[in-house]
Amino acid sequence: MIVSDTISLALRNLGQAKLRTTLTTLGVAIGIASLAGMVSLGVGLEEQTVGRFMSSGVFDSVTVLPGQTGGAFGLGGRGRGRGANRDRGTAPPETPRKPLDDAAIAEIAAVPDVKEVYPNIAVPIEVQFEQEQAFATLSGVPLSQRDQGAFQTFAAGTFFADDSTRACILTLEFVRRLTTKAAQALIGQDITIGYAAAAVTPANAAAGMAPPRRVTQSFTIVGIVERPGGALPLAGGNLSGVMIPLEQARPIGAEAIVGRQSILGTPPAAANRTYNSLTIKVRRAAAVPDVQERVKALGFTTFSVQDALENAKRVFVILDIVLGLIGSIALAVSSLGIVNTMVMSILERTREIGIMKAIGGSDADVRGIFLVEASAIGFLGGISGVGLGWLVGRVINFGANWYVRSQQAGGPTDLNLFALPLWLIGGAIGFSILVSLIAGSYPARRAARLDPIQALRHD
Amino acid sequence: MDTHLEARVLKRHYRMGQSLVRALDGVTLDVTQGEFVALLGTSGSGKSTLLNLMAGLDRPTEGTLAVSGRDLAQMSSNELSLHRRSNVGIIFQSFNLISTMTAADNVALSMMFAGVARAAREGRARTLLESVGLGGRQNHRPRELSGGEQQRVAIARALSNTPSLILADEPTGNLDSKTSKEIMALLKALNERDGKTVVMVTHDANLAAAYARRTVTMLDGQIISDSRA
Numbered sequence: 001m002i003v004s005d006t007i008s009l010a011l012r013n014l015g016q017a018k019l020r021t022t023l024t025t026l027g028v029a030i031g032i033a034s035l036a037g038m039v040s041l042g043v044g045l046e047e048q049t050v051g052r053f054m055s056s057g058v059f060d061s062v063t064v065l066p067g068q069t070g071g072a073f074g075l076g077g078r079g080r081g082r083g084a085n086r087d088r089g090t091a092p093p094e095t096p097r098k099p100l101d102d103a104a105i106a107e108i109a110a111v112p113d114v115k116e117v118y119p120n121i122a123v124p125i126e127v128q129f130e131q132e133q134a135f136a137t138l139s140g141v142p143l144s145q146r147d148q149g150a151f152q153t154f155a156a157g158t159f160f161a162d163d164s165t166r167a168c169i170l171t172l173e174f175v176r177r178l179t180t181k182a183a184q185a186l187i188g189q190d191i192t193i194g195y196a197a198a199a200v201t202p203a204n205a206a207a208g209m210a211p212p213r214r215v216t217q218s219f220t221i222v223g224i225v226e227r228p229g230g231a232l233p234l235a236g237g238n239l240s241g242v243m244i245p246l247e248q249a250r251p252i253g254a255e256a257i258v259g260r261q262s263i264l265g266t267p268p269a270a271a272n273r274t275y276n277s278l279t280i281k282v283r284r285a286a287a288v289p290d291v292q293e294r295v296k297a298l299g300f301t302t303f304s305v306q307d308a309l310e311n312a313k314r315v316f317v318i319l320d321i322v323l324g325l326i327g328s329i330a331l332a333v334s335s336l337g338i339v340n341t342m343v344m345s346i347l348e349r350t351r352e353i354g355i356m357k358a359i360g361g362s363d364a365d366v367r368g369i370f371l372v373e374a375s376a377i378g379f380l381g382g383i384s385g386v387g388l389g390w391l392v393g394r395v396i397n398f399g400a401n402w403y404v405r406s407q408q409a410g411g412p413t414d415l416n417l418f419a420l421p422l423w424l425i426g427g428a429i430g431f432s433i434l435v436s437l438i439a440g441s442y443p444a445r446r447a448a449r450l451d452p453i454q455a456l457r458h459d
Numbered sequence: 460m461d462t463h464l465e466a467r468v469l470k471r472h473y474r475m476g477q478s479l480v481r482a483l484d485g486v487t488l489d490v491t492q493g494e495f496v497a498l499l500g501t502s503g504s505g506k507s508t509l510l511n512l513m514a515g516l517d518r519p520t521e522g523t524l525a526v527s528g529r530d531l532a533q534m535s536s537n538e539l540s541l542h543r544r545s546n547v548g549i550i551f552q553s554f555n556l557i558s559t560m561t562a563a564d565n566v567a568l569s570m571m572f573a574g575v576a577r578a579a580r581e582g583r584a585r586t587l588l589e590s591v592g593l594g595g596r597q598n599h600r601p602r603e604l605s606g607g608e609q610q611r612v613a614i615a616r617a618l619s620n621t622p623s624l625i626l627a628d629e630p631t632g633n634l635d636s637k638t639s640k641e642i643m644a645l646l647k648a649l650n651e652r653d654g655k656t657v658v659m660v661t662h663d664a665n666l667a668a669a670y671a672r673r674t675v676t677m678l679d680g681q682i683i684s685d686s687r688a
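Keeping their order, the protein sequence lines are chains A and B.
Residues 1 to 459, numbered by the numbering used here, are exactly what the first sequence covers, in order.
Residues 460 to 688, numbered by the numbering used here, are exactly what the second sequence covers, in order.
Some hints here could point you the wrong way.
To be verified - Covered stretches of chain B (in silico footprint by chain A; criterion: 3 or more residues with CB under 8 Å from a CB of chain A, positions within the stretch not fixed):
1. 511-521
2. 539-551
3. 637-648
Said to hold, decoys possible - Simulated DEER-style distance windows between Cβ atoms:
4. B:S527 with A:M344: 27 to 33 Å
5. A:R405 with B:T559: 54 to 60 Å
6. B:T462 with A:R445: 35 to 41 Å
7. A:A332 with B:S535: 32 to 38 Å
Hint data in this document are derived by calculation from the structure and do not stem from the laboratory.
All residues carry an ideal CB built from backbone N, CA and C; glycine is no exception.
Using the sequences and the hints, build the whole thing.
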């Protein structure tokens, strides 16, 4: 029997029982819609999350923290896939805490594939602009960050021209906090920043105390970046309110009181001052794990977005499986519907099957007709199921965005909770056909094995 | 003349509840190419069982049944369906047309199983329906046709894959006498004009005598007489 004839015969049979075919197909469609919808939700959430990582644009960055002192450091991203990293949690506790000082920078800069190393300087400041005041964090940005990450999209102005200008870049979010003026209008204006500095004198150094004094400086606004702080403050993706060239920030960082240590600890001397964290820029993203390994071997703690991303991806695989299983319940029910429909149809068509076999239809011909019927139901159900799932996803998505907007003016309005990539569409339809074939295989076998004489007596 | 059918001590037993039914109990019979044989007997004599075995719809319990030299008892179910498709054309008392298909589609169906392309089988179905006198009724469904017309469709279908053996199981059992004569005339023409071997099951001795050149009478699963006209 020619394949096209089997198909046309099967479709003709389905057409004979339109209502039943439609209802069964609808059942499959609902099953596929729930499955595709659930997986689509998982993929959508993953894309949202990964998208945030991506937009922070720091895949070539590694954050270095001071060496471990034995206590577990939570952010290190334990349980990474790489075998070499596994034993990290049980690193020898007797390793002395290695400070992040200029010697450490030099040491790390010598590691292969490291493009540059710079300290993350962050100083709490008070900003004065015209009559307005606001608190912010001042951070130093190396010039190499031009056109990288958040510095790709400026709301107004441009990046620093060079290291020596007393220029600053603000985030749009901070600008809105500071003033009602339009971003464009601020370019070229001056702001005054104020911070607390430790006055180091031989006397108070001996006492272990440095009384704070207030320092003010003036910077000219050259640019305003659109994007708010990245997903990961520690990875160097964070944008504080005010950013100045790194070289301008170094002296401020050296004297500013950043935390408890600056007051109570040994007053920092320029020679051996330490940083809270460093950022390594790696030549290519693929080398990040290697660099991390090597820097760890030097006795520092490292952290990269890739760590977090891998962890997140692992969580999402589990989430996808769970969502998929929940979605499969409806599909399992509808596959029983297929079995039921086909068994009913065999009962109704027993005599017809007998006739077909009597005039020369083989077991394989009969089985083929029923299998094609089942897969046609699966195909139609799969297509309409994906459509239905997409529609429901759009509706929920619309509702979610509407809710977000109503809760928070100016919040993200392009939230896309459901993603429907091509592989999911194809996979859902293919899976639908597969499930239908499995469901139809028992009835088809039963039909093929009918004894023609018995079947011809049937009415 | 070549032997077309060759049954040797053919038995077909089956269980019905506790008892063993000997539907066929040792039948030995030769049918020559081009014969018109009537299998005559009361109901339960085993004549239909013998016909079903010849058709390859059933398998013997014991014995051999060779069609054109090949033993049906040894055939796989695939080979049996090939036998039904290409060696025999079957005509039933109750016509056994597929009610949802037109006359032409019913005739074309067995050619569909034989893998004949659409255009060829549709053309042949039309020719066959014309040859049995149903030229204008090709697109009618069985319920729109009279009993005689339905049986003509069934005959056209039986001929569609040009078998050399026509098996008819009470072909006029559901027809009035006038229509019966027409149908029998068709079968006779197939036998005499086209040289087909015809084996017809009937309980009507007059019908057997009028059309068949040989009458095999059966009782309780055995042949009790075999007479040639």
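Going down the list of hints, with the structure as the test:
no.: 1; hint: 511-521; result: holds (count 4)
no.: 2; hint: 539-551; result: holds (count 7)
no.: 3; hint: 637-648; result: violated (count 0)
no.: 4; hint: B:S527 with A:M344: 27 to 33 Å; result: 41 Å, violated
no.: 5; hint: A:R405 with B:T559: 54 to 60 Å; result: 56 Å, holds
no.: 6; hint: B:T462 with A:R445: 35 to 41 Å; result: 38 Å, holds
no.: 7; hint: A:A332 with B:S535: 32 to 38 Å; result: 37 Å, holds
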